[in-house]
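Chains as they are written, first to last, in the working numbering: chain R, 36 to 712; chain B, 126 to 631; chain D, -12 to 481; chain H, 7 to 116.
Don't read these hints as lab results, they were simulated from the structure. Small disclaimer: the values here were computed from a predicted structure and weren't measured. Glycine included, every Cβ here is placed at the ideal spot set by N, Cα and C. Among these hints, one or two may not hold up.
Which chain D residues face chain H? A few, computed with CB under 7 Å, are given here [what the hints assert, rightly or not]:
#, residue
1, Ala38
2, Leu41
3, Leu43
4, Tyr44
5, Gly45
6, Thr46
7, Leu115
8, Arg139
9, Ala142
10, Ile150
11, Val154
12, Thr473
Some chain R residues judged to face chain B by a derived CB distance under 7 Å, without partners named [stated by the list, open to error]:
#, residue
13, Gly118
14, Phe120
15, Tyr205
16, Thr211
17, Trp237
18, Gly243
19, Leu704
Computed beta-carbon distance windows for the label pairs [stated by the list, open to error]:
#, chain 1, residue 1, chain 2, residue 2, range
20, R, Arg73, B, Lys232, 51 to 59 Å
21, R, Arg73, B, Ile591, 27 to 35 Å
22, H, Ser68, D, Ala453, 50 to 58 Å
23, R, Ser691, D, Gln88, 29 to 37 Å
24, D, Asn293, R, Ser691, 49 to 57 Å
25, R, Val702, B, Leu334, 30 to 38 Å
26, B, Thr437, R, Val577, 56 to 64 Å
27, B, Leu334, R, Pro289, 48 to 56 Å
28, R, Val613, B, Pro510, 33 to 41 Å
29, B, Val602, R, Glu68, 43 to 51 Å
30, D, Asn293, B, Lys232, 53 to 61 Å
31, D, Arg87, B, Ile169, 53 to 61 Å
32, B, Ile169, D, Phe368, 30 to 38 Å
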Amino acid sequence: MDHPVQTDFLRWIVLFPLLGAAVNGLLGARIQERAGKRMVAFIACAPVTLSFLFSLWAYSRLLGLPAKERFLIDRFYTWIPMGSFSVDVAFWVDPLSAIMILVVSGIGGLIHFYSIGYMHDDRSMWRYFAYLNLFTFSMLLLVTGDNLLVMFVGWEGVGLCSWALIGFWYTDHTNTRAGNKAFIVNRIGDFGFVLGIFLLYWTLSGQGQGTLAFREIAEHVGLLADLELWGVGVATLVTILLFIGATGKSAQIPLYVWLPDAMQGPTPVSALIHAATMVTAGVYMIARLNGLFSAAPATLQIIAVVGAATAFFAATVAITQTDIKRVLAYSTISQLGYMFLAMGVTAYSAGVFHLLTHAFFKACLFLGSGSIIHAMQGEQDMRQMGGLRKVMPATFRTFAIAVLAIAGTPFLAGFFSKDAILWQAWATHNQLLWGVAVFVAGLTAFYMFRQFFMVFFGQCRADHHVQEHLHESPKIMTYPLWILAAGSVVVGYLGLPAFLGGSMLDHWLDPVIHVPHGEHHAVMEEVGVMSVSIVAAAAGVVLAWFLYYVRTPSRDESPEARGFAYRVLFNKYYVDEVYQFVFVGGTLLLARVGAAFDRYIIDTIVDGTAKVTTILAWFNGLFDKYVIDMLVNAVANVTFAVGNNFRRVQTGNINSYLYVVVGAVVVALIVKLRYWS
Amino acid sequence: MTEHVLSYMVFFPLAGMLVVLILPSGRHDLIRWVSAAATVPPLILGVWLYANFDTTTTGMQFVERAAWIPAFNIEYFIGVDGLSVSMLLLTALLSFLCIFASWGIDKGVKGYFALFLLLDTGMTGVFVALDFVLFYVFWEVMLLPMYFLIGIWGGPRKEYAAIKFFLYTLLGSVLMLVAILALYFYSEPNTFDMTKLMDRSSLYSTTPLAMWPFNVWGWGFQHVVWMALFIGFAIKIPAFPFHTWLPDAHVEAPTAISVILAGILLKMGTYGILRINYPMLPAATADLAFWFLAALGAWNIVYGGLCAMAQTDMKKLVAYSSVSHMGYVMLGMAAFNTQGINGAVLQMFNHGTITAMLFLLVGVIYDRAHHRDINGFGGLAGIMPVYAGFTALAFFASMGLPGLSGFVSEVLVLLGAWPKYHALTIIAALGIVITAGYMLWMMQRVYLGPPNEKYRDLPEINGREIFTLFPLGVIVVVVGVYPRVVLDLLQASLNNINQMVISHLS
Amino acid sequence: MDLGNLASLKLFHPEIVLAGTIILLTILDLVVANKRLMAYVGLAGCLVALAATLELYGTEPTLLFHRMVALDNFALFFKVVTLVALVAAIWMSIGSGEVRQVHLGEYYIVLLTCGFGMFFMASGNNLLMAYLGLELVSLTSYILTGMLPHNRRSAEAALKYLIYGGVASGTMIYGMSWVFGMAGSLDYAAINAAMSQGDGNEAGLFIAFVFILAGFGYKMAFAPFHMWSPDVYQGAPTPFTGFLSVASNAAGLAILIRFFYPAVSTLGQEGIWTFQAFPALQWTDLLVAVSIVTMTWGNLSALNQNNVKRLLAYSGIAHAGYIMMGLVVLNNDGLTAMLFYVVVYLIMNLGAFLVVMVVANATGREDMEAYRGLAWRGAAFPAVCMAVFVFSLTGLPPLAGFIGKLLLFAAIIEGQFYVLAVAAIINTVISLYYYARIAKTMFLDDPGPDDGPVTATASAVPLLGALMVLTVVLGVYWGPLLDYTTGSLGFFMK
Amino acid sequence: MAAYVAMLTKVGLEHYLVVGGILFALGIYIVLTRRNAISILLGVELILNSAGLNYVAFSHFSTGNVDGQIYTVFIIMLAASEAAIGLAIVLAIYQLFATIDVEATETLKD
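Using the sequences plus the hints, can you model the full thing?
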C-alpha cells in the first residue's frame, strides 16, 4: 500500500458522464429537436456504459495486484495549492471504491437504460439525461476522490443533482419545494461536514501532517489520540461532525425528513439516487474513514444508536403508508439505518455488504414500482391497485424476488447481508441494538409483503379507464428489472457467514477495512442468532398475509378511521410539521427581525429627537423624508434643526445685529478678565 | 509602451471621456461605440499585464514615478503587486462589459457615458496608486460620477440614494484624509509615498494616548489612525453599521452601475485595508483585527444573509447577499494565515464576478417586466430557459457550490479562519446554509413553479445580454475548477503583506 | 530702507496707474456718451496696473512714504488678487442685467476706487494707513451696494452695511487709540518694539485687540461680525457681490495678517512665529474659537437658504472660518495655506457668482427653483461649471478647493489643533448638503412646466470657461501656485 | 485731601480717557437702542469722536508728538464723509420706504 500504482485512465471513469452531461446540457435541446430523443438517450447512456467498462478494467487491474498493493491512483492536477494546504484533484481506486464504482456505473447504467423507456414521453428528456449524467459524474467523483475535499465536491454535486431531479417537473411547486427541502437539509449536514474537515486538517497539521488525503489520514490517525478540544477528544469531535454530514446525505435521524419528499422526482431517479447510490454516500464515507472512526468509540456508539433508532422509526412509519413509493422510501431509510448500525458496531464490511445488496433489491423494487406507476398512468396509491400479477408478469416476478430478498428470506442477498449485521451487533455485545434490529427485520418483512399483497393480489381496485390501459412495460424497462433481480439473488453469496465458508467480501476489503477480529464464537451461536431473525421475518410475512391477503384491503380505507397510534404513524409522527414550525419558521422570523432591525431600529434612536424631526419634516423635503433609513436622516434633521435656530438670529433688524457684535466683544472681555483674576 | 502600461490603463478611459464630450450629443450609437472602444485597451493591457506579471517577487512591478508637487513630496507614483493586478483585471473586464449593459440608456446618453468613463479612470487609479495623495484623489474622483450616475439615471428614489451614498462616502473619505495627513507628518522626512510609509511601519507609536477614551482602550496613535482609515474603508465594504447605503444605492442605481458598485467599489474597502492598514499599521491591525475584522465579518455574513432572506425586491436581496459575502473577505483577512488571506482576496475577485452576473441577470428581467418583485414572477425557467440557465449558474456560484468559483474562496476563508477563531468560523459556516436558503427560495419563487400568465411571452435573453454574461460565467467555472489562475497571482504578494502583521500578533 | 515721498513714487506704479484710470474715468464720464467704453477703459487700466504689479513682484521689501506703506511680496500678492477680482468684476458687469440699470460711469469709478482702497489695506504699514484703506473700501462699498436705483433691497442693504460698518470701524479705531496710547505710535515696527519691551497693561491691550479684531472681522466677515454679509450680498448687484465676496475677504485677511504677524509677532526659526506681547495673552485660543464658530455658523445657516446668493454669502462666511484655521497655527505653512486658499476661493467663488448672474439675467430670479433642471434647459455648460465650482467649494478632489483644504488641514494637523480639525471635518460634511443640493437641483430635478430655457450671457461664457478650467487644473497641478504663495510671504519688518 | 484737590484742579490723562470711554459707551448705547437711522448715525459719530479724543489725549500726555492730533484730523474727515454717504443712503431709504425707522426696513432676512 506504500507504492500506489500510477495510472491515467481512472479520470475517464469520472469524466465520461461529465462529457455526456455537458453535451446534453448545452446542446440537448437542439439535438432533441434535430436528431430526436434516441440521440439524446444515446449521448447519455454511452458515457455511463464506458465508465462501467473502465471500472471493470480498473477492477481487473486490482485483481492483478497482490492483495496488499491493490491500490490505483490517478493524479489529475493540483487544485488548490495554498501553502501547507495543498489539494490535488486525484482519483483512486482501491477494493472499497472499486465496489462503489461498479455499483454506481453498473446500476446507474441500468437505470439510464430503464429511463429511456420511462421518460419516453417527456418533452425535456435531454434535461433529464443531462442531470442524470451529471449525477453519475458527481457520484463517481465522490467515491473515487482521493481526499476529503474532492469527495466533498462530489458530495455537494450529488446534492445539486438530486435537487434538480426531484424538482424535475418544476412547474409544480410541491416538487420544487421538495427539492429545496432536500438541498437545504443536506446543506445543514454539509455545515457539519466542512467543519469536520477543517478540524481534522488543522489538528493533523498541528502535528506536522496537514493533509486531507484518505491514505495519509489513515496513516496518521494515531496522531489524534489524546488530543482534546473543548474537553472532547478531537477524534470524537471530528467524527461526530462528519457523521452530521452523513445523517444529512444518508437520511438518518434527525435529518432524514427530505427523503420521503424526494419521491416527487421521476421514479428511476428515486431508484438511482434515493435508493441505490447517493443516500449510501454517508455509509461509504464512514467505511472510507473507518480507521478514524474506530479511533472514536464514543462516536461509534452514537452512530449505532442513531442507526438502530432510524431503522426502527422508519420501519414503523412504513407499515402505514399507502403511497407505493413512500413505503419504499421509508424502507430505504430503515435499511440505511441498518448500514449505520453496522458501521456503529465496527462491522464496516458488513455495512458495505448490505449497501451492495440493498442497491440491487431496492433499485429493483423502485424500478418495479416505476413500471407499475407507468402502467397505472401515474397512480401511486396502493389502495387503487391490486391483482396486477396477471397483467404485469415480468414486473411481478422481479418484484417478488426483490421483496423476498429485502424481507430476509434465507439464501437471498438481503438475508446474508442483514444477518451479517445482526450477527456483528450480537457479537460485539450490543444485545439491545440487536433486539431492535431483529424486531425491525420483522417489520420490514411485514410492510414489504403488505405492499406486495396490496399491489399484486386481490382484485384490481383501479377505475375502468385505468384498468383498460393496464399493460406490461416495454423490454427496455423489464430487462434491467431482471438483471437487478438476478443481482438480488446472487450478490448475497459474496458475503457468506463464517460457518458457510466465510465472506469473500471481507477478504476483498481486508486491505482497506480494518475488520475487528473479535473473540471466536461457536458456530451454533451464530446459527441460533440467525434463526431468530428468520423467525421474526416469517412472523412479519404471516401477519401481512392475514391482514392484506386474507382480508383484502378496501379501495378507500382512510387512516382517520383507524386508531390513534395508526394515525400518528401515518402522519410520520408529525415530525415534518414540527420541523416546519420550529426551524423554518424560526429562521424566517430571525430574517424578518434582522431586516426590521435594519429598517426600524434607528427610529428608536431618533425618538429622542422626534419632536425636532417632526417640526422640521416639511423643509426636510430636500431628501425623501419618509425614507426608513433614519440614521442618516436623524443626523440631517438635527443639523437642520440647529440651522433653523441660527436663521432666527438673522432677523434683518440692524439693532439685533449690533447687539450680537457688542455682546460678542463683551463676552470675550468678561471671559478673559475672569480668567486672569 | 510597456513601461507606461499602467498609466495607459488609467488614462485611456479619461481620453475616451474627452472624446465623448466633444461628440455631438445626438449621435447616441456613436457615443456608445466610442465609449466601448475606450474600455477595450485597458482590458487588453490588463491581460498583457497578467501575462507578463512576475508572480515570484513580492515587490511592486511596472512602477512609474514622476515628481508631482515637490514642495510636499507628492509624486505621481504607481505600481502593482498581485493584489492590485487581480483587482485591475476585474475592473477592466467589468467596465468593458458594463458599457454594453448600459446600451439601453437613452436619457442624456453623452453625460452618462462620459461620467462612466471618468468613473472607470477613478477605479483603475485607486488600484494602482502608490502615493497617498494620488490614491485619495482617485478615490474621490469616483465619488462624483457615482453620485450623478445614481442620481440622474437611477430609479424613483434616486436622489435620496445618491445623496446618502455621497454623504456616507464623503464622511469616510474625510476621516481617511486626516489619517493620511497624520501619517504624513509622523513620517520623517514627511512623505506620501506608501512604500516608504510601509517600511516605517514599526515606528508608529502604539503607546496609549492620554486622551479619553483612548487611554481606557489602550489605543495609541497607530490605533487611532487605523480606526480613521478603517471607518473610511468599512463604509465602502460595507461593514455592518455602515451598510445601509448599499441596499438603497443598489435598488435605485441602473443595472450597470449596480454591477460596478458591487463588483468593484465594494472591493476598494477591503483592498484599502490590505494595502494600507495591514502593511502600514501592523501592530494596530494585530490588536483590532478580532473585533473589527473577524467578529464584524462573521456578523456581516449571518446578518446580511438573514436580511437577504426577508427581502422581496430582487436587487435588495442581491445587495444584502453582497453584505453577507463581503463578510467572508473580512473574516478571511483577519485569519493572518496563507489560506485565509488568499481566500479573502480570491473571494473579492469571485464576488466581483458572481455579483456582477446576478445584477446583470436582475437587470435583464427588470428591462422586460419593469419590476423586481420576487413574488411577482414564477415559472420563468419555462419561458426563458437560457436566461434561467445563466441564473442557475450564478446562483449556485454565489451559494458556493463546489466546482464553481465561490466554493474555493469560501472554503479557503473558513479553513483559514478556523485555527484562529473556532466560534466565529462556526457562526460564519452557518452562512452556507442561510445562503442556500434565500438563493433557492428566490429561485423557486421566480424561476420555478407554474409559469405566470402575465409573462407568458417575455422575450428570451438577447445576444447583447448574453455577451455581457458569458465571459463572467466562463470565469466563474474556470476559477472554480482551476483556481490557480488567480491564486498564483496573489500568493507571493499576500503572504508578504501577511508577514508584516504576523510579527505583531501577540 | 524706507524712502521719502518722491523716491517712493518710483515704486508706486500700480497705485499710480489705478489712480490715473480713476481720474480718466471721471473725465470720460463727463464727456463720453457710450458708457460701455468706461468698462473697457477700466478693464485696460486694471490690466496695466496688474502688469505693473507683477513687474514689481520680487523687488526687495521697502517702506514708502516715510514708513506709511510697505512694498513687499505680501502686499503685491494681495494687490494682484484685488486686480484680478476687479477685472473679473468689470467683465461680469459688462454682461450683467442689473448693472445696466445703474449710472455706469459712477459705478466703474467707485468700483475701481474700492479696489484702490484695498491696495492700502494690503500694504499699509501703519495702523492709521490700514484704517484709512479700510474706510475707503467701506465707503465705496456702501455706495456700490446701494447703487441699484428704486430698489428697496439694495437701499436697505446699503443702510445696514453702513451702520454696521460704521460701528465696527468705530470700535476698531477706538481700540487702536489704546494701542497708540501704549505703544506711542501706530507704526507696526514701533508697536512690535513696545510689545517686546512689555509696556502697557494686559487688560488694556486685550481690550484693544478685541476691538481691533471686531473691525477686521467685519471686513473679513467672520462670526460674530458677519451679520451684515448675507443681507448685503443679497441686496447688492451680483457682479459687485462677487467682487465683495472675494476681494473684501482677501483685503480683510491681508490687514489681519499684517497686524497679527509682522506687527505683534516675530518670526523665529523655520517660519515659526512667536507672539510678542505678554505670554498670558493667548489670543490663538480666541482665534480657534472664532474660526470654529464662524465655519459652523456659516454652514448651518446656509443649509436652509433658498436664495442662492444668500446661500453663497453664508458659504462665504464658512470659508472665512476655514481660512482662519491657517491663522491659529502661527507659522508660515499656515500663512501659505491661507494665501493659497484666498486664490482658490477667488476663482471658484467668482465662478459661482458668475453662474448666478447668468441665471439671473435669463430668469430674473436668484432662488433655488430658478435652477431646477438647469442642465436640461439648454444651459448645460453653466450647470456643469456650477457643479464644478460648488464641489470645489466642498473640497472634493481633483478640484482646486480640495488642495486649499488639504493645505489648511495639513497646517492645523501639523500644529496639532485636533479639535479644530474635527470641527472642520464635520463642517465639510455639513457643507456638502447644501452644495450638493445645488448640483442636485440643476441635474437631478426635472425642469418644471414654467421653467423656460436659459441661454448663457455671451460675454460670461469665456470667463466661466476660464475659471472652470483653472479650478480643475489647480486641483491637479498646483505646484507653481504654491511656490508663488510661499514666495509671497516676504514681509518688511524693522 | 490735597490729592483730591489736585485731582480736581489738575486735569490728567485719566480724565480724558474716562470721558472718551463714556462717549464710546454712549455711542454704543445709542446705536443699540435707537430705531431712527439718523440717530444711529449720530451714535456712530459719537464713537468716532471718542476715539479722536483718546488720540489727542494720548498724544498730549504720553507720546509727546503731534501724531495723535493728525490722526484725529483724519478721523474727523472720515466721520464727515461717512455722514455724507450715510445721509444719502438714508434719503434713498426714505424715498423707498417713506420712513427711516430701521425696524420698518426688514425685507432682507431669512
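Going through the hints against the structure:
Evaluation of the Ala38/D hint against chain H yields a violated restraint, the C-beta minimum of about 32 Å exceeding 7 Å. The beta carbon of Leu41/D is not positioned within 7 Å of any beta carbon in chain H (closest approach about 32 Å), and the interface hint is therefore violated. The criterion of a C-beta within 7 Å of any C-beta in chain H is not met by Leu43/D, whose closest approach is roughly 27 Å, and the hint is violated. About 30 Å separates the beta-carbon of Tyr44/D from the nearest beta-carbon of chain H, more than 7 Å, and the hint is not met.
At about 33 Å, the closest approach between the beta carbon of Gly45/D and any beta carbon in chain H exceeds 7 Å, and the interface hint on this residue is violated. A least Cβ separation of about 29 Å between Thr46/D and chain H goes past the 7 Å threshold, and the interface hint is therefore violated. The interface hint given for Leu115/D is met, as the beta carbon of that residue sits about 6 Å from the closest beta carbon of chain H, less than 7 Å. Given the 7 Å rule on beta carbons, the hint for Arg139/D holds: about 5 Å separates it from the nearest Cβ of chain H.
With its C-beta approaching chain H no nearer than about 4 Å, Ala142/D sits inside the 7 Å limit, and its interface hint holds. With its C-beta approaching chain H no nearer than about 5 Å, Ile150/D sits inside the 7 Å limit, and its interface hint holds. With 7 Å as the threshold, the beta carbon of Val154/D comes within range of chain H, its nearest partner Cβ sitting at about 6 Å, so the hint holds. Interface hint status for Thr473/D: violated, as the beta-carbon distance to the closest one in chain H is roughly 36 Å, over 7 Å.
The interface hint given for Gly118/R holds, since its Cβ lies 3 Å from the closest Cβ of chain B, which is under the 7 Å cut-off. Taken as an interface hint, Phe120/R checks out: its beta carbon lies about 6 Å from the nearest beta carbon of chain B, inside 7 Å. Of the supplied interface hints, the one on Tyr205/R holds, with its beta-carbon coming within about 4 Å of a beta-carbon of chain B, less than 7 Å. For Thr211/R, the suggested interface contact is upheld, since its CB lies about 4 Å from the closest CB of chain B, less than 7 Å.
A cut of 7 Å between beta carbons decides the hint on Trp237/R: the least distance to chain B is about 5 Å, and the hint holds. Taking 7 Å as the C-beta cut-off, the interface hint given for Gly243/R is violated, the closest approach to chain B being about 14 Å. Using the Cβ-Cβ criterion of 7 Å, the hint placing Leu704/R at the interface with chain B is not satisfied: the shortest such distance is roughly 31 Å. The supplied range of 51 to 59 Å is met by Arg73/R and Lys232/B, whose beta-carbon atoms lie about 53 Å from each other.
Our hint of 27 to 35 Å for Arg73/R and Ile591/B holds, since their Cβ atoms are close to 30 Å apart. Between Ser68/H and Ala453/D, the C-beta spacing of about 54 Å keeps the proposed range 50 to 58 Å intact. The beta-carbon spacing between Ser691/R and Gln88/D, approximately 31 Å, falls within the hinted interval of 29 to 37 Å. A hinted range of 49 to 57 Å for the beta carbons of Asn293/D and Ser691/R is inconsistent with their spacing of about 22 Å.
The hinted range of 30 to 38 Å is satisfied by Val702/R and Leu334/B, whose Cβ atoms lie roughly 32 Å apart. A hinted range of 56 to 64 Å for the beta carbons of Thr437/B and Val577/R is consistent with their spacing of about 58 Å. Checked against the hint of 48 to 56 Å, the pair Leu334/B and Pro289/R passes, with Cβ atoms roughly 53 Å apart. One distance hint, 33 to 41 Å for the beta-carbon pair Val613/R and Pro510/B, holds here, with the actual separation near 38 Å.
Our hint of 43 to 51 Å for Val602/B and Glu68/R is violated, since their Cβ atoms are close to 26 Å apart. The given range of 53 to 61 Å is broken by Asn293/D and Lys232/B, whose C-beta atoms sit roughly 28 Å from each other. For Arg87/D and Ile169/B, the Cβ-Cβ distance of about 57 Å falls inside the hinted range of 53 to 61 Å, so the restraint holds. One distance hint, 30 to 38 Å for the beta-carbon pair Ile169/B and Phe368/D, holds here, with the actual separation near 35 Å.
In summary, the structure is inconsistent with hints 1, 2, 3, 4, 5, 6, 12, 18, 19, 24, 29, 30 from the numbered list given earlier, while agreeing with the others.
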